[in-house]
Amino acid sequence: MIRQAHASVGRSTTPGRLQALQAACALLAACSAAVLPRPASAQDGPDLPVIEHVLPNGMRFLVLRREGAPTVAFVTQYRVGAVQERPGETGIAHLLEHMLFKGTTTIGTRDHAAELALFPRIDAVQDSIRALRAQRAAAADTTAQRAADGRGDTSCGPAPAASPASEDPRIERLTARLEALEDSARAFVVANEFDRILTRNGARGLNATTTYEATTYYVELPANRARLWFALEADRLRNPVLREFYTERDVVAEERRMRVESDPGGRLWECFLATAFQVHPYGRPVVGTMEDIQNFTRRQAEEYFRRYYGPNNAVVAVVGDVQPDSIVAWAERYLGTIPRGEDARRVDVREPEQRGERRVTVTFDAEPQLLMGWHVPEPDHPDYPALEVLAHMLTGGNTSRLHRRLILEERAASAVSASLQPGGLDPQLFVIGAAPAGSGTVADLERLIDEEIARLQAEPPTDSELERIRNQLEAGEVRRLRSNLGLAFQLAGSASAYDGDWRATFRYTQRLLAVEAADVQRVARTYFRPENRTVAILVSTKERAGEEAQ
Amino acid sequence: MTRRGRRGATQRQWARGARVVVAIVCIAGTAGAWAGCGVTGQAGGVAGPEVPGDQATIRAPVEPARDVPALGRAAIDTMSFPPLEFEPPEPERFTLSNGIEVYYMEDRSLPLVNLFALFRGGAAYFDREDLAAATGVSSSLLLTGGTRSYSPEAVDSIIEYHALGPSFTAAGGSTLAAMETLTRHLDLALDLWVEMLLHPRFDPDRVENWRLRELDLVRRAQDQPGTVAVRTFNRVMFGDHPIGWELEPADLTPEMLTEDRLRRIHRAVFCADNLTLGVVGDISRAEAAAKLEAAFGQTPACEAPLVRPAPPVIRDEAGVVVIHKAVNQSSVVMGQRGGILQRDDPEYFAAQVANWILGGSGLSSRLSTRVRTQEGLAYSAGTVWGAGIHHERAFGALTHTRADATIAAARVIREVLEEARREPPTEEEVGLAIDNTVNAFVFAFQDPARIVMRQMSYRVAGLPADWLQRYVAGIQRVTPQAVHDVVRRHIRPEDWTIVIVGDTTKLDAPPQTLGPLIER
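Protein chains in written order, with our numbering: chain Z, 1 to 550; chain A, 551 to 1070.
No wet-lab data here; the hints were simulated from the structure. Even glycine gets a Cβ: it sits at the ideal position worked out from N, Cα and C. Mixed in with the good hints there might be a few duds.
[As the list claims (entries may be wrong)] One-sided and incomplete, this derived list gives chain Z residues near chain A with beta-carbon spacing under 8 angstroms:
(1) T71
(2) R186
(3) A234
(4) R333
(5) Q354
(6) T361
(7) D365
(8) Q472
(9) A475
Take these sequences, add in the hints, and give me the full structure.
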């Protein structure tokens, strides 16, 4: 039987699908590991012999030697992502993530001087295309307006056609010219050589992921080949070449079509966030709007790299059967003299208080879905652990309140999940997603969810509910240590978000364990207010057609 | 936008200046000298045209200082690595009094125990009218339907209160049940697990719940163009054979899920002769043996051996299926009968390497390089060359591409396979596949649970216990000529079945230009 196999490099995170949410939050620990809030309690979690070493340029290494098969996981996290993007260049963080697999001045090329000589000509054609598009947009007075107010395309209408049908013939000619020139440069390219070097050496899981606040590169290697990682990483940080740039832009456009435009859950998620976050960049898609993707220039990606990929913004977690002394020595030698860059700063945009319920519908050739979201504070906030416990209480497992009510008792839904989304640093949304089943409708689900929330507001959760969650949290603390790669992700993520503090993620569990019934009731009352809510509904095209006929 | 010309000019200077400036200014390569190159990145987002002329690459290259090792292709090509000292661990094996085989590995790194039960048997061993019942029994109903001693609600509570991790996975021909627990809850977990496996209740309410959810999932499968394409391909290729079956509303009527039917299937699969057990984790062998003997020593023998389904009759002629869906990206699955059996045979290994080179190895593969990296037609493109132990399966290529490039992408994929028929692969390509297999071998031993499950699955599938070693050895013997031979013998792009799911009004050419349309 054929199974779908997606080529792996360059994933963006668009957690829109109900299944994905459910999978990610099957255990509370999984959700908290992804969120990594700042700790308050003094407890430091497991006693892991992590060696911390900061290079003179600020690049931080966390090395953990573990017994077992001789393999090693490398996870490099830059504390930059989509929130750093400026209006009109949504998706550039993600596109750059793709481009950093394209090689260096010596890897991926037969003749770098020859390909380099073509870059200015290629880029000039792209500049002309941009200029023409901008003229046309200004004339049409639509696109320009949207770009100007910094929102990008957040339209919740149907996905745009595969390619803009009424492109200017001049643009079509220029596009053909762009492709021809990039093909000329390709004559000097050794395709995917960076990937191939790692593959030949037995690398596993080579990939990267871009989120709102972080960009993370990861791979596992046989332990005896750890030094190869340093040689490759140093080369790509010192000498990256963004070759085949405009072709890769097309690849990302296809990624967007796959994850968002052809996927009902992805489309609904994008509209939902755009409606809930009208000022904060969480309202813009990580993968970028199609308009921005198709207008990117190599210069924009280069600039983003120069600006944000300083070693001082990176944390590298190395977990496996390696000698920490060797790792530290290689880190110094290979990466220690790369110059610092600008310190990535957190965005200081705050989403204004929502003063009325917002509703949005997406029409799609698909079964209905529902997303409800309430604005809640940032993970540092004292209320955050209670909100996370509340999410688990509502949908974590068969005994959870919404699962029992919506799926088992009323048989109105086939799936329901709650989680805190979509980032990890700024004020979040408490999101409940549900899929109606049987004779249930989206309106039924909304009513049932409202009833369950009202019940929580009226009476605190029971002791046994809280005890169950605490037991699961404690088991999660053991399970989260199972794999080298998983642990490396947690260490890098924690240190990256919390000024080098890899223990923050473990201490956060203590905050979750300290949540009391009254806390849960209080946050339910504080945040689950109708005027603080955004509701996004996917309406089946069949249903919509039926309504119109009536 | 009048800056176009100027920007172009600046860029040319930028590029021309690069090598000169780098050679003169940045030669020292220390952090201080780097700052002198004007590329510290601290300029606060200076835009392209204003950037000084020494940035041909994003960061100007630096000559290595005396303590910076040589970088780049040449340095990597000459890198050598110490040998990997590694004795692959293997599970121990023992037998319960009723003949059930147990694979065991100790792993004291965490206070966890993993239990595995792999049963031969699943939906593939039953008739189509049993599809829903067999799928339910193998995937979900033992977990959610209650047991002899516990109501469904009690089961849910025990699992969630003690943070147990039970799971059931149906693979058609086999069923895997697993239970993960903290060591301190082992007895409770084992007791509940045995209840679920051997004494299910099939609570009618829970069965009905499962039925309704499955019905909804069947509907929702239509929402994903890729899922529709793959399922359609399997159905068209394998016809009325279990490999081609997917649950449909007609399978999911209450009559198909009666208690009698569920119990008949449960008895036929969940019996001693079909069962192989595994234990991994924080437990001694003696303790594991005693506990499993108590738990499974009384498992009844099977009433009758399961009868393996007849081999499929796989479609073997050109044809195109087009399914309309109003999305701007098409999913394309194209392929043919595979012609290969999974066994210790040079042809099998050659087919594995061929698939790896053509589309099985991610970015490095020919298909991904061509369709994604060079043509920018798709985010993903890959191949699968299926091979069963008892019968052949299918070869297939899959991609997702914008509607108005659909037919072009299908042609590119066919071309890549035609090329593979014309010319043997290079030594380098075959070497890459072999090196990866050999160097990544160690990953097969990273997780004790996977080591145990692998041995269990070899046993249930009838593969030799040293199949992994034979596999690596077999791959190492593959030559470019062998790859060329197996491709020429089996791959016939002109006879492919092609499934397209997408917006048929936006295709770049009529689909029948790829082959005759199949009436559905």
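Problem - Restraint outcome when R333(Z) is required to lie within 8 angstroms of chain A by C-beta distance - result: The hint holds - R333(Z) has a Cβ within 8 angstroms of chain A, the shortest such distance being about 6 angstroms.
Practice task
With a cut-off of 8 angstroms on the beta carbons, see whether Q472(Z) makes it to chain A.
Solution key: Holds. Min distance 4 angstroms.
Problem - Agreement of hint T71(Z) with chain A interface, Cβ distance less than 8 angstroms - result: 6 angstroms, holds
Problem - Supplied contact hint for T361(Z), tested at 8 angstroms Cβ to chain A - result: This interface hint is violated because 16 angstroms lies over the 8 angstroms limit.
Practice task
Return the status of the interface hint for Q354(Z): holds when the least beta-carbon distance to chain A is below 8 angstroms, violated otherwise.
Solution key: Interface hint status for Q354(Z): violated (30 angstroms vs cutoff 8 angstroms).
Handout entry: Hint check: 8 angstroms Cβ-Cβ cutoff, A234(Z) to chain A
Key = 6 angstroms, holds
Problem - chain A contact restraint for R186(Z) - C-beta distance below 8 angstroms - result: 7 angstroms, holds
Exercise for the section: Mind checking the CB of D365(Z) against every CB in chain A and telling me if the closest is under 8 angstroms? Expected result: 5 angstroms, holds
Handout entry: Residue hint A475(Z), partner chain A, criterion CB-CB below 8 angstroms
Key = 3 angstroms, holds
Violation of the numbered hints given earlier is confined to hints 5, 6; the remaining hints are satisfied by the structure.
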